[in-house]
Amino acid sequence: MLFDDKWRYPWEPALHAQERGAGLLAFLDIVYECLRKEIASALQERVALFQMIILPLNYNVLLILFALAGSAAPTAVVMQDRGPYAQRFYDAMRASSSFRLKVVGSEAEANSMLQRGDIVAVVTIPADFDRKVGRGQPVQVGLFTNNLNTDFTDDVNRGLRLAVTLFYQREFPGRVSIVAQVREAYGHETDYIPYLSVSVVIIGLLVGGLLQAGNAAARDWELSTIKELLLSPAPRPAIVMGKMLGAGAVSLLSALAVILFLVLVIRVWPVDWGGFLGTVLLMSAVSVAAGTVLGNLLRQRQTVTLLTRGSSVPLFLLSGVFNPITYSTVGLVVLARLFPVHYGIALVQWFALGFRTNSLSAADNALVLACFLLVFVALSSLVLRRGHVTH
Amino acid sequence: MQRGVSFVDACLATARKDLVIYLRQWKTILTSLIMPATYIMVALLGSIAVGRNPVALVVQDRGAVAEQVARAVVASDVFRVSRVSAGQAQALYDRLAVGAIITIPPGFSQAIEQHRRAPILVMANNLNLDFMNDVRRSVPDAITFYYGSLPNSPLTITVKQRNLRPRDVDLFQYEVVPLVSLLVTVVGLIASSSGAAREFEFLSIKEIMLAPSHRVAIVLGKVVASWVATCCSGLLIFAVGYALDWTHPEGPFVATTLLAIALVALFAATVGIALGCLVRRVQSVNVLSTTGSVWLFFLAGGLGIIQFEPVFLRQVASFDPLTYGIHMLQMSIFYNSFDRLALDVLVLAGASAVLFAVSLAAMRPGLLLGKQARARGRVGGPVAVKGGGA
Numbered sequence: 030m031l032f033d034d035k036w037r038y039p040w041e042p043a044l045h046a047q048e049r050g051a052g053l054l055a056f057l058d059i060v061y062e063c064l065r066k067e068i069a070s071a072l073q074e075r076v077a078l079f080q081m082i083i084l085p086l087n088y089n090v091l092l093i094l095f096a097l098a099g100s101a102a103p104t105a106v107v108m109q110d111r112g113p114y115a116q117r118f119y120d121a122m123r124a125s126s127s128f129r130l131k132v133v134g135s136e137a138e139a140n141s142m143l144q145r146g147d148i149v150a151v152v153t154i155p156a157d158f159d160r161k162v163g164r165g166q167p168v169q170v171g172l173f174t175n176n177l178n179t180d181f182t183d184d185v186n187r188g189l190r191l192a193v194t195l196f197y198q199r200e201f202p203g204r205v206s207i208v209a210q211v212r213e214a215y216g217h218e219t220d221y222i223p224y225l226s227v228s229v230v231i232i233g234l235l236v237g238g239l240l241q242a243g244n245a246a247a248r249d250w251e252l253s254t255i256k257e258l259l260l261s262p263a264p265r266p267a268i269v270m271g272k273m274l275g276a277g278a279v280s281l282l283s284a285l286a287v288i289l290f291l292v293l294v295i296r297v298w299p300v301d302w303g304g305f306l307g308t309v310l311l312m313s314a315v316s317v318a319a320g321t322v323l324g325n326l327l328r329q330r331q332t333v334t335l336l337t338r339g340s341s342v343p344l345f346l347l348s349g350v351f352n353p354i355t356y357s358t359v360g361l362v363v364l365a366r367l368f369p370v371h372y373g374i375a376l377v378q379w380f381a382l383g384f385r386t387n388s389l390s391a392a393d394n395a396l397v398l399a400c401f402l403l404v405f406v407a408l409s410s411l412v413l414r415r416g417h418v419t420h
Numbered sequence: 129m130q131r132g133v134s135f136v137d138a139c140l141a142t143a144r145k146d147l148v149i150y151l152r153q154w155k156t157i158l159t160s161l162i163m164p165a166t167y168i169m170v171a172l173l174g175s176i177a178v179g180r181n182p183v184a185l186v187v188q189d190r191g192a193v194a195e196q197v198a199r200a201v202v203a204s205d206v207f208r209v210s211r212v213s214a215g216q217a218q219a220l221y222d223r224l225a226v227g228a229i230i231t232i233p234p235g236f237s238q239a240i241e242q243h244r245r246a247p248i249l250v251m252a253n254n255l256n257l258d259f260m261n262d263v264r265r266s267v268p269d270a271i272t273f274y275y276g277s278l279p280n281s282p283l284t285i286t287v288k289q290r291n292l293r294p295r296d297v298d299l300f301q302y303e304v305v306p307l308v309s310l311l312v313t314v315v316g317l318i319a320s321s322s323g324a325a326r327e328f329e330f331l332s333i334k335e336i337m338l339a340p341s342h343r344v345a346i347v348l349g350k351v352v353a354s355w356v357a358t359c360c361s362g363l364l365i366f367a368v369g370y371a372l373d374w375t376h377p378e379g380p381f382v383a384t385t386l387l388a389i390a391l392v393a394l395f396a397a398t399v400g401i402a403l404g405c406l407v408r409r410v411q412s413v414n415v416l417s418t419t420g421s422v423w424l425f426f427l428a429g430g431l432g433i434i435q436f437e438p439v440f441l442r443q444v445a446s447f448d449p450l451t452y453g454i455h456m457l458q459m460s461i462f463y464n465s466f467d468r469l470a471l472d473v474l475v476l477a478g479a480s481a482v483l484f485a486v487s488l489a490a491m492r493p494g495l496l497l498g499k500q501a502r503a504r505g506r507v508g509g510p511v512a513v514k515g516g517g518a
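Respectively, the protein sequence lines represent chains A and B. Mapping of the first sequence onto my numbering: residues 30 to 420, in sequence order. Mapping of the second sequence onto my numbering: residues 129 to 518, in sequence order.
Bound conformation, chain B alone:
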């Protein structure tokens, strides 16, 4: 009996072959990159949408207090304020150029000086509660801002704020980090699942499994190929983010960021190999990979803040390994923190190990050849020759 090839040689040869095939699939690479790119656009447009909406400010009172309140409305920084006349404001409102008209009516300053009730009139296009809540919060914000600027403020209750973290992060910047993990997951899943499924579709898996090399080496080689391809994509987007100042870890946290990308890539690669070995159809695994990665991303609180989600969603998220990957990236990039680092690493590595074992089980020669023999039986076996009178 001929001696089998060494474990490392078989592993490297499989990895090299899979990488070469992957690089030839430019459409697959493009498919996997388009989706995260569109989600970055979602995040960008979303952050603009929840940002400042346009309102018209009409100041009909010429008193000093009215002017101070008007300045407070502008300074509250909730809206893009256009200071216009009443007629212009109505025209802007009618053609949906502004979402609300804030009017400081005549006699406003006098009413305040005489301690009478002085309403600020707000006419709002209450299309949805999100916008209306912004309006409801912003006017009182301006009112407290105004009273706070007075030497003897009647509002004796003030807010003393302190933050948990030393640094504030913009909404878009905050959402880009999970998108790095989405990109890594999508690329890893598509590369590995379609690569594995293709072996089954083209029946080349039979030759691979009959080769005198260890099954673990072959599966490991496939994981390594997908992991390398995925890490490269992840590093590319990280470098772009770094250059654009979206993702800017410092000192040792560059290493933990890279570790997070590597672990998420490993997790995605092993999920993909397991999926490819179980489903065995390229078209099916492509659909499952893209859909599955988006679900993993959503459930990990990808486009929001997991702490803001309802309790049941947070419980679901705790079973999603991507939650730990995103947490590790956020802690490294934004907060220079090692918070729960060991847990994050353990969950990602553990999930990858379990999926590796699933891939190995799905590639058992007995299972594989048995299935193919059954498939042959359906095509060319007794059923097929029955019509021929055999």
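Here chain A stands alone, though its shape is the one from the complex:
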């Protein structure tokens, strides 16, 4: 050292300040260049881009079909009696929200529809229904089910029993004194499809982030361009930040596709757009950071794609997509809490539909996600050390 650290020329502080400013600009310049390069590379890989966008939409369709199949049983009603009680029993069946009803002329016609697979149940209201109900005599309503599986058969059975109690509550309130008085936690009813679709936004972000950032990082290792990047005099955090921002920007395309699907097709209008978009950005950052770690560890695009495709669906389903995960077993609850997807789903449900689906507040969920982000960013910088590059 030529000069003592304590002694400075009077103009030095101003000079250092200028250098610091220039250093910051250079840092931002590197971030910007890495970001630009990532976006340009990603846009050239159209197949990967297509896969990233189409996968979350596939999951959405899967869940919609799953929900549609269980909503209401297509049922034929054979009205052998057209009296007022028979008509009111039919109305009670409609009010039970368990059936898609179709009145048919004869039992033979209904049975052939059942055999063809057009309906799953036949309800026969017998010819003496009104007379016997009016006199308080026992009467049997026929139920012929296509018992494809126990779950759906049970739903049909319970739906019909609900119709029986509804009928008595309306027609003979004195006879059935026990009634169910239901108080609901939320003032609005949410169908199963919107409920599931809101969570699919998180899988869109997860798949987009993991695939995009993971493949981008792995591509640098596969093509050995990582060596040039790390040997350049650019600071490592600037490279990591630029790559992550680039991957994040591209991965938002898949999130955008899912959000558009949610708003335009499913017709969900988030109750808090600010919080919703904040969640999207936070979850995107977490997924991108996780993808960067994955890509730098695996270093092969095919393996990254394989692992992303294999892990995203189980992670998503283990994180409480169908109902709050706390309704499940203790093991699943513990497992779900180990991954950021669970907190992402809780946050997005909170801001999109106003539902609390885990025991944490929105701020706590966001904080946990921010911690995941910090851990993944730190891990990304760690796995990108120069010493890890082989020659």
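Bear in mind the hints are in silico, worked out from the structure with no lab data behind them. Certain hints may be false.
As the list claims (entries may be wrong) - With a cut-off of at most 35 Å between alpha-carbon atoms, the simulated DSBU-like pairs for lysine-lysine come out as follows:
1) A/LYS66 / A/LYS256
2) A/LYS161 / A/LYS131
3) A/LYS131 / B/LYS288
4) B/LYS288 / B/LYS145
5) A/LYS161 / B/LYS288
What the hints assert, rightly or not - According to the in silico footprint, chain B covers these stretches of chain A (three or more CB under 8 Å from chain B):
6) 116-128
7) 171-183
8) 208-222
9) 235-243
10) 335-348
C-beta atoms are modelled at their ideal positions from N, C-alpha and C, and glycine is treated no differently.
Once you have looked at the hints, place chain B on chain A.
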């Protein structure tokens, strides 16, 4: 002119070569197996999700009727019931450990004995309609169960039920069968499409097409290789399912089950060959294969019951050959039935024949060499040498 190799030799040689290459691609095999495995998890978790949710039952009345109704709520088997105090129930509800609190209030038994209105109070976390419908159906279920146990039930209307099929099938078990078809489709599609596309990427297709063997033999050999690989995967999962009692056909229905697997494998193999010959890029066909097989699976009612779907979806499903494969498997495995067997076989075999013809057309030497000549022109032809001043 040298005599060409025999049809069978060319076919077998192509099949052997494609099988050897396929077996070397362990990552491809793994890719194709991971997706159906995750969908089996979807089915398992889904069946748990639509199964029994947790509720808290609070019985504040000490009368005999209240006790009977409480027992009826438990016996209705819709929920996992925790019988707790009001305070505990509220704590469980607040930390989302239960989805609803069912309360039988004080004075309940007395009200019933005096024929007064006796409400059962239900507080429910109505996050979605599916859960709420379960709650709405379950309490009346318990009420009818209770009244049904009385010697002089006031509910004179009863339900006389009969089933179409002799056997009841669990939801998870029901969903595993279509997943066998998904696995067969994914494996068949990926194996055959990537195998065919690779020939185009590595330009080995040129040598194959210039060989003195019949084009039909080559395409057939490729179909046979994919079919064998796919059938092996299908048989493996069938054996696992059989061992775990998920898929347990009996008597002659073992044969129809195996026939269904073989036909779905044939269909997947021919779709894959056609796709590979038309698209000619490994990465593209891999993405199209996985995405396409999932769509075929969804549209065939893979994760639900096709009869429960809206009419337009059922109409779409009727054009999806996998619908017939799944139907054939379900009839054989669950219901010991030959219902619509001929139609199922005909559709799967017919679709495979059509796709085989498409593959043959896509492999026409004129089309192939013309395309490659055009590709050469783009790379090294006049466009490429223009800069050099030619």
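Open item on the list: Please check whether the region 208-222 of chain A has three or more residues whose CB lies within less than 8 Å of a CB on chain B.
Closed with: Holds: 12 residues of the region 208-222 of chain A have a Cβ under 8 Å from chain B.
Task: Outcome, coverage of the region 171-183 of chain A by chain B - at least 3 residues whose beta-carbon is closer than 8 Å to one in that chain - done: Since three or more residues must qualify, the claim that chain B covers the region 171-183 of chain A holds, with 12 doing so at under 8 Å.
Task: Agreement of A/LYS161 and B/LYS288 with the hint, judged by alpha carbon distance not exceeding 35 Å - done: Cα-Cα ~16 Å, so holds.
Open item on the list: Is the coverage entry for the region 335-348 of chain A by chain B consistent with the three-residue Cβ rule at 8 Å?
Closed with: Holds: 7 residues of the region 335-348 of chain A have a Cβ under 8 Å from chain B.
Open item on the list: When I compare C-beta atoms, does the region 235-243 of chain A have three or more residues closer than 8 Å to chain B?
Closed with: violated (count 0)
Task: 35 Å Cα cutoff - pair A/LYS161, A/LYS131 - done: Roughly 24 Å between the alpha carbons, so the hint for A/LYS161 and A/LYS131 holds.
- [ ] Quick one: see if chain B covers the region 116-128 of chain A, three-plus residues with Cβ-Cβ under 8 Å.
- [x] holds (count 4)
- [ ] Given the hint that A/LYS131 pairs with B/LYS288, test it: the Cα-Cα distance must not exceed 35 Å.
- [x] Roughly 20 Å separates the two Cα atoms, so the pair holds.
Open item on the list: Would the hint linking B/LYS288 and B/LYS145 be met if the CA-CA limit is 35 Å?
Closed with: Roughly 62 Å between the alpha carbons, so the hint for B/LYS288 and B/LYS145 is violated.
Task: Distance restraint between A/LYS66 and A/LYS256, which requires alpha-carbon spacing of 35 Å or less - done: It holds: about 16 Å lies between the C-alpha atoms, which stays within 35 Å.
Hints 4 and 9, counting from the list given before, are not met by this structure.
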